[in-house]
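Trainee: One letter stands for each residue in the lines below.
Protein chains: 2
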Amino acid sequence: MGKKIGIGLLGLGTVGTGVAKILQTPDKRHPLVRDIELVGVAVKNLERPREISIPTSILCQDPNLVIDNPAVDVVVEVIGGIEPARTLIMRAIRAGKSVVTANKAVIARHGEEIASAASKAGVYVLIEAAVGGGIPIIEPLKQSLGGNRIKKVTGIINGTTNYILSKMAKEKVPYKEVLEEAQKLGYAEADPAADVEGLDAADKIAILSGLAFGGSVERTNIPTHGINKLKSIDVDYANQLGYRVKLLAVAECLEKKENETNSLPLAVWVQPTLLPKEHPLAGVNGVNNAILVEGDPIGQVMFYGPGAGAGPTASAVVADILNIAGINFLGEKSGCLDPLLAASSWRMCHLASPNEIIQKHYLRVKTLDTPGVIGKIGTAFGEHDVSIQSIVQFDASQSGAEIVVITQEVNGEQMSKTLKEIQALKEVIGIEAQIGCL
Amino acid sequence: MGKKIGIGLLGLGTVGTGVAKILQTPDKRHPLVRDIELVGVAVKNLERPREISIPTSILCQDPNLVIDNPAVDVVVEVIGGIEPARTLIMRAIRAGKSVVTANKAVIARHGEEIASAASKAGVYVLIEAAVGGGIPIIEPLKQSLGGNRIKKVTGIINGTTNYILSKMAKEKVPYKEVLEEAQKLGYAEADPAADVEGLDAADKIAILSGLAFGGSVERTNIPTHGINKLKSIDVDYANQLGYRVKLLAVAECLEKKENETNSLPLAVWVQPTLLPKEHPLAGVNGVNNAILVEGDPIGQVMFYGPGAGAGPTASAVVADILNIAGINFLGEKSGCLDPLLAASSWRMCHLASPNEIIQKHYLRVKTLDTPGVIGKIGTAFGEHDVSIQSIVQFDASQSGAEIVVITQEVNGEQMSKTLKEIQALKEVIGIEAQIGCL
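Line by line, the protein sequences are chains G and Y.
Under our numbering, the first residue of the first sequence carries the number 1, and numbering increases by one thereafter.
Under our numbering, the first residue of the second sequence carries the number 1001, and numbering increases by one thereafter.
The hints are all genuine.
Here are the computed lysine-lysine pairs in the DSS-like style, where the Cα-Cα straight-line distance is at most 30 Å:
(1) LYS151(G) <-> LYS1004(Y)
(2) LYS3(G) <-> LYS1003(Y)
(3) LYS151(G) <-> LYS1028(Y)
(4) LYS152(G) <-> LYS360(G)
(5) LYS360(G) <-> LYS1028(Y)
(6) LYS1277(Y) <-> LYS172(G)
(7) LYS170(G) <-> LYS1170(Y)
(8) LYS120(G) <-> LYS1028(Y)
(9) LYS1256(Y) <-> LYS28(G)
(10) LYS176(G) <-> LYS277(G)
(11) LYS277(G) <-> LYS1152(Y)
(12) LYS28(G) <-> LYS1151(Y)
(13) LYS152(G) <-> LYS277(G)
Here are the computed distance ranges between Cβ atoms for each label pair:
(14) PRO223(G) <-> GLU1171(Y): 36 to 46 Å
(15) THR1025(Y) <-> ALA424(G): 44 to 54 Å
(16) GLU180(G) <-> GLU1278(Y): 19 to 29 Å
(17) CYS60(G) <-> ALA1095(Y): 44 to 54 Å
Hints in this document: simulated from the structure, not taken from any laboratory.
From the three backbone atoms N, C-alpha and C, an ideal C-beta is built for every residue, glycine too.
Go ahead and model the full structure; you've got the sequences and the hints to work with.
Mentor: This is the structure in structure tokens:
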């Protein structure tokens, strides 16, 4: 009961430093922070000057030494990347130590292997910091919303792209220009691929989906479209039509078809999406994140806050450590885990085929400026039973016209058939943009 | 390990019915819901027709019988009101049973007595449903944000008044008219005092303050102003100046003065307040609630969702039951409690004097329409070191002019001295409105 919890920290970058700072200054924080003690820290370079002071006696360069240190009860992995993080997490679990990690890439790709090892070893692997920075979102999905049938999780969960999109919308600046500025400000990495191509958001929605629906899906098969091909003209047209463009990551449970296997079909995807201006996520700007959860009987709840940064991420890491420290008060380990906190999977899930995904679409079609072209396009939609919400002609000139169509909800199959037919119209020069729409 | 948890439900109104519905239909909810069993239900009237079917064998009219039933592990109190709820909660605690309650009035007034009894008996009293309906806000303050030094909690935590204010702003309808409509729609009670006078919000901010800062304040001394005296003209002027008017409930930790006692001074209050349109809470409309929490190092996080209603509130009640069920998996009770979940107080707090509260003010001053009046008012502010953010004259006519002043941040003492001086000016007919401003 209530002995001090020894923390072994793997990595002392911005997040690791943030965690150490909190643990070193427990005053005015939850009193349980005083029961948490940093007893080992693995760093790449012992000589590097640091903004916090760590006793040299607990610093070392070999993370394995930290993991194996008998004074370490909980291993905090904030190195990032797939390897050696994955191997170190597995080693900690085998050593019977609970793990706290901010590593979305490892959890999204090797979550099942890690969870299964943790369950066998009777330890926790907690990941509040892996999604949404400081926003408490993992905990609500695991615990506070447990009485609900979750229907849909919709997130703006990549701060870099949200910063770029906010700027494109507000200042009408092209994508490349905003990206360069974001890189200068440190909001985007020198190699921005993981952010702008949607891969980071896909990692995160894979994790949220697993918690919301109780079973994992194949991370690599999540349909993922980033913002790197988005044109500012579409952000502008969307604006004029009353929409904001956001990079959304969505996980939604589809109605089961009869006679199907006992696995739950999920529509999980990442793509730039038009949101009506009054949608709760439409006002989320800059590097902020927000996650909207829909369930029965709760309706809609939204969690909003800083999606990244040393302080917020460290706050989430410490939340997980506190949870383990709190349970530690209940006495000697009985080999059992709190099933809410452990959050093992409890249902089979699978990715629905893209053809089953039902949504609205925004299309920008370049056409010759000839009379009747809107009629022909409208007819093509009608022939495939696709209802149209609006069809607007922008910017007619000698070089042609731009027609923007927003459809009603259609499935993927209807949509691709319709697109083929439109493409074949002799008045149509090309389909220049296709974006999702809520 | 993992035996079924027996629930005794006191009250089968809308929230109680919502809870029973969730427990009766565990399919697709967290698998732990299957481990929770309704074993006793106390109702006022056994004969009343109900939308759910409860076995008559577990229905009774005497809540004491439910509490004393040995099959009942957790008592869920959803009767509401102070008595007999308080007595029943205390009886359950003495019987060694954990309690889940949605009763903000009892917790705000008798929280300390209840917490102290619970701590002695080694049981939990969980209250997620008492504030913000289905929004997980109690749990984050108790657990997920525990690594932070919380600075301020700002909430829109009364759905009825937020509905009225949203309507007043959008449709420019006077308060009384909107209230009557809200009563017809069931959004406001026949006796609306608890909502429109701010008492319900004061109960809730007292609870949030206690969790955020680790110590309670005297509920009855919280400065509380409702919306019942708010004029639609001020909502309209605020709008024109770029603000929304919301009924805010705030708890903020003030800097400690040197040589003071070891108690933390808190500014806790409820009042109609102007919010700049870009403030995260400004877009919260209708019966929704939202709570903004500021802390170090997290920055700002916001929790948004349905603040009332059977489904959302039942979701929060079940979240608490699940937490108890999860911990139950850890084996026989050792007499110890998880200190995060138990959330006993850990710091002395007290209400700061209103004179210490620093904020901006919105004032509407009725004056004679004579030249120089703005200058004289401006001078009065300057003499008391009150900086002005804006001063605007609205609606000059024969009957006089209306001058709206928004000050910079000032303390209560400066403000009341300034108001006296302004009132004494011969050009001033009266100070018609004084509202807080963020």
